[in-house]
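In order, the protein sequence lines correspond to chains C and Z.
Each residue of the first sequence is one higher than the last, beginning at 134 in my numbering.
Each residue of the second sequence is one higher than the last, beginning at 17 in my numbering.
Where hints are given, some of them may not hold.
[As the list claims (entries may be wrong)] Here's a subset of chain C near chain Z, in silico, CB distances under 7 Å, partners left out:
#1 N163
#2 S166
#3 I167
#4 S175
#5 C190
[Said to hold, decoys possible] From the derived model, a few chain Z residues whose C-beta atoms are all more than 10 Å from chain C:
#6 K83
#7 D110
#8 M340
#9 E341
#10 Q424
I should point out that these hints are in silico values taken from the structure, not numbers from a laboratory.
We treat Cβ as the ideally placed atom computed from N, Cα and C, and that holds for glycine.
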Amino acid sequence: MFKDSVITARRKRRELAVALVCFGLAVLINVYSIIRFNCPWSEFFTQIGFVILLAACIYAVLAAVRLAVHAVVSIVRRCRG
Amino acid sequence: MKDEKLIDRRSFLSRLGGIGLAGAALSAFPWMESCSPSRNDATSGAKVRLGIIGTGSRGRYLMSFLKDIPQASVVALCDIYGPNLELGAEMFPDARRYTEYRRLLEDRDVDAVVIATPLDRHFRMVMDALDSGRDVYCEKSMAYHIDECRQMYMKRKSTGRILFIGQQRLFDPKYHKAMESIVRGDFGPVVNVRNYWFRNADWRRPVPSPELERLINWRLYREYSRGLMTELACHQLQNGTWATGMLPVKVMGAGDIIYWKDGREVFDNVCVIYTFPNGVNMTFESVISNAHFGMGEQILCKDATIDLPGSRIFRETPPAKSGMEQLIAQIEKGVFSNSVFAGTSWNAETASADRGEAIMPEAEGDGTREILQAFCNSCITGKMPPRILEEAYYSSVLGILGDEAILQGKTLYMEEGFII
Numbered sequence: 134m135f136k137d138s139v140i141t142a143r144r145k146r147r148e149l150a151v152a153l154v155c156f157g158l159a160v161l162i163n164v165y166s167i168i169r170f171n172c173p174w175s176e177f178f179t180q181i182g183f184v185i186l187l188a189a190c191i192y193a194v195l196a197a198v199r200l201a202v203h204a205v206v207s208i209v210r211r212c213r214g
Numbered sequence: 017m018k019d020e021k022l023i024d025r026r027s028f029l030s031r032l033g034g035i036g037l038a039g040a041a042l043s044a045f046p047w048m049e050s051c052s053p054s055r056n057d058a059t060s061g062a063k064v065r066l067g068i069i070g071t072g073s074r075g076r077y078l079m080s081f082l083k084d085i086p087q088a089s090v091v092a093l094c095d096i097y098g099p100n101l102e103l104g105a106e107m108f109p110d111a112r113r114y115t116e117y118r119r120l121l122e123d124r125d126v127d128a129v130v131i132a133t134p135l136d137r138h139f140r141m142v143m144d145a146l147d148s149g150r151d152v153y154c155e156k157s158m159a160y161h162i163d164e165c166r167q168m169y170m171k172r173k174s175t176g177r178i179l180f181i182g183q184q185r186l187f188d189p190k191y192h193k194a195m196e197s198i199v200r201g202d203f204g205p206v207v208n209v210r211n212y213w214f215r216n217a218d219w220r221r222p223v224p225s226p227e228l229e230r231l232i233n234w235r236l237y238r239e240y241s242r243g244l245m246t247e248l249a250c251h252q253l254q255n256g257t258w259a260t261g262m263l264p265v266k267v268m269g270a271g272d273i274i275y276w277k278d279g280r281e282v283f284d285n286v287c288v289i290y291t292f293p294n295g296v297n298m299t300f301e302s303v304i305s306n307a308h309f310g311m312g313e314q315i316l317c318k319d320a321t322i323d324l325p326g327s328r329i330f331r332e333t334p335p336a337k338s339g340m341e342q343l344i345a346q347i348e349k350g351v352f353s354n355s356v357f358a359g360t361s362w363n364a365e366t367a368s369a370d371r372g373e374a375i376m377p378e379a380e381g382d383g384t385r386e387i388l389q390a391f392c393n394s395c396i397t398g399k400m401p402p403r404i405l406e407e408a409y410y411s412s413v414l415g416i417l418g419d420e421a422i423l424q425g426k427t428l429y430m431e432e433g434f435i436i
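Just chain C, same shape as in the assembly (with noise of 0.2 Å):
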């Protein structure tokens, strides 16, 4: 019923990447709110928690969009193949 599944060295990479984005996506975030309601920077590191919050729901936000286009992909594959 339940097969063994491989995670290859090539998608890991990718979703380090994907992470890495996320993450980089939440400090550019973070960073531009501290400019625009003119906060201090000290709040580059003080938000860090915030930050790797942001950048975990950016991150699931994805993960979802990723899979509901390979879900449809597979879809229309199965069915012209």
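Using the hints, position chain Z against chain C.
Below, chain Z without anything else, positioned relative to chain C:
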């Protein structure tokens, strides 16, 4: 107020001891010396033998604290109502029992008395107890009439005995911490003082037979009590004098029986305004047919509002949130707020949604244990703490004046003769 500034009761009291009971804190609360750790140490091993006059619900509440105070020994109980005397005896089975307070005062083993009887009895009992050479702790309010309060004050002075009135807020660390900042001017000048006490209950106690109605429900009858103004307001009115450092110069008010028309004689709703010399107003409002707002004591300063029982500060300009939180709030507002096609010409000033900052989250109790501890220590040392009786006197006078202003339908003034 940052977290590192928050302290609990134990460390607060220890700090008072540690700084030699000097400094701003003690100049604002000089009576706290009487229950400082050093004073407790100085009186350890000694006992004050107490007689309790009035073992009703309030008397037994006080007795529950006295059980745990090492310097207190309850040796005699007195109550004219048998069931209450029995309940008191269950707490202190070895104590001698009396049904007449003068017999208790003749008991040579009694050093001091705790009086928790109806308001109209306070004056005679306190005077007799002081005359008999006993130290006295009497429940608030001090007495039914201003002149009686004054006579009690003078009697204490002439006899040199100890006289405490049960204004436990004077010993509540939450109030001290807040008042210390207010008096220092940390939040700007005091601009208003709001006190309110809302309940939704008839304020009655169950009566086993009709002839006991007035004896048990004495708070509802003018012969014994002034109702809300002497049983509730006197606790809160000291907040204004404490925060402003002044006495009100005039008082006006209104009151009536609007809901509990059950034969009672005291008001079931009152609204009283006291005005200080600088024009600042203090209000006391009480309704016992709606409990929504509960009990509140708020000092409104120019830069902050201090909720005393809730022990929180609400700044007029709350500390700014982080950029991320502001961004999220802005996005939320953009997504969830209603679209406005035409601006209104008038907007209601809605209350601030700020949750405020805790003043003393670890504080426990309401000061009752501390005031009883201070009383026992004072009985043992023979030293009357400074200002404590004056604070109680003026809060009682203000309560009585408020009730008189309602009854007479006039603005009453703080007369020269009321000043001690």
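Right, here's what the structure says about each hint:
1. N163: holds, 6 Å
2. S166: holds, 3 Å
3. I167: holds, 5 Å
4. S175: Given a least distance of 10 Å, the restraint on S175(C) is violated.
5. C190: violated, 11 Å
6. K83: Label holds. Min Cβ-Cβ 48 Å, cutoff 10 Å.
7. D110: holds, 60 Å
8. M340: The assertion about M340(Z) is violated, with a minimum of 5 Å to chain C.
9. E341: The assertion about E341(Z) is violated, with a minimum of 8 Å to chain C.
10. Q424: holds, 57 Å
The structure is inconsistent with the numbered hints 4, 5, 8 and 9, although it conforms to all the rest.
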